[in-house]
Amino acid sequence: MNQVEKIFCPVCQVSFILREEKEAGKKIVCPVCGAVLVLEKDNSSWLARRPDDLTPEEEIRARIENFAQLRNYKFNELKEPLVEGLLKKHERYGDFYCPCKIDNIPENVCPCLETRQGSVERDGRCHCGLFWK
Amino acid sequence: MKKVMLYALSTCPFCQMTKKYFEKHNIPYDFVDVDLLEDEEKEKTVAKVQEISGRRAFPVIVIGDKVIVGYDELSISEALKE
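For the record, the sequence lines run as chains A and B.
Residue numbers for the first sequence follow our numbering, so the first one is 6 and each next one is one higher.
Residue numbers for the second sequence follow our numbering, so the first one is 2 and each next one is one higher.
Keep in mind the hints are simulated off the structure, nothing from the lab.
Using N, Cα and C, we set each Cβ at its ideal position, and we do this for glycine too.
Be aware that a few hints might be false.
So the derived list for chain A, only partly shown, Cβ under 10 Å to chain B, looks like this [stated by the list, open to error]:
1) Leu59
2) Leu91
3) Lys94
4) Lys106
5) Ile107
6) Asp108
7) Cys133
8) Gly134
With the rest of the complex left out, here is chain A (with noise of 0.2 Å):
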């Protein structure tokens, strides 16, 4: 058999295949929307998780610094604010939804879906204004 293994990710719920040696507990970054990940061995598949060693404010830096970075994406002064929304977020309702969205869903879970679909590449920016083309 030669099907090649996908790794589930918990933060966008997409699967996407991992071309780098795999080893537990090794840090990854998934492609699809830059959350830091952890592998873990799971009976004879790869699991992924969210890494338990780092803060909030850490965990959403790395992930939209990483969904820039594989976006060619730019940020601005909103940064700082958004940052700031996106923590305020975490705290009151448990995960790092969208500080310009009333619902607290996964599909807002920054980066929210439409922007992992493209709104950057058609508005210019996405609808809070963290990532810009």
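Please arrange chain B on chain A, whose structure you already have, making use of the hints.
Using the frame of chain A, we list chain B on its own:
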């Protein structure tokens, strides 16, 4: 003077910038931070925002009978002038 209403979220920087814009230009406005409302009031207000803007994202600015979704200074100043 046209009636100005801002639907905002307390976590959204563009919403804060909209407030600052109105203050800087001495434009009287009403606002509500929708995320800080009690559940029932929140639901009612979000339903209204969705009805007028077609979205559940903020800010939503109502100037007279014009609805502006997102922070757009040009649209705001034009709507105030019209």
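Report task. Report holds or violated for the interface hint on Lys106 of chain A, using the least CB-CB distance to chain B and a cut-off of 10 Å. Result -> 5 Å, holds
Query raised in the report: Taking the least C-beta to C-beta distance, is Leu91 of chain A closer than 10 Å to chain B?
Result: 8 Å, holds
Report task. Closer than 10 Å between Cβ atoms is the bar; does Cys133 of chain A clear it against chain B? Give me holds or violated. Result -> Since chain B brings a Cβ to about 7 Å from Cys133 of chain A, closer than 10 Å, the hint holds.
Query - Restraint check, 10 Å cut-off on beta carbons, for Leu59 of chain A near chain B - result: Given a least distance of 21 Å, the restraint on Leu59 of chain A is violated.
**Report entry** Cut-off 10 Å, beta-carbon criterion: hint that Lys94 of chain A touches chain B
**Finding:** 6 Å, holds
Query - chain B contact restraint for Asp108 of chain A - C-beta distance below 10 Å - result: Holds, about 6 Å.
Query raised in the report: Under the criterion of a CB-CB separation shorter than 10 Å, is Ile107 of chain A in contact with chain B as hinted?
Result: 5 Å, holds
Query raised in the report: Measuring from the C-beta of Gly134 of chain A to each C-beta in chain B, is the shortest one below 10 Å?
Result: Check passed: Cβ of Gly134 of chain A comes within 6 Å of chain B, closer than 10 Å.
The structure does not agree with numbered hint 1 stated previously, though it agrees with all others.
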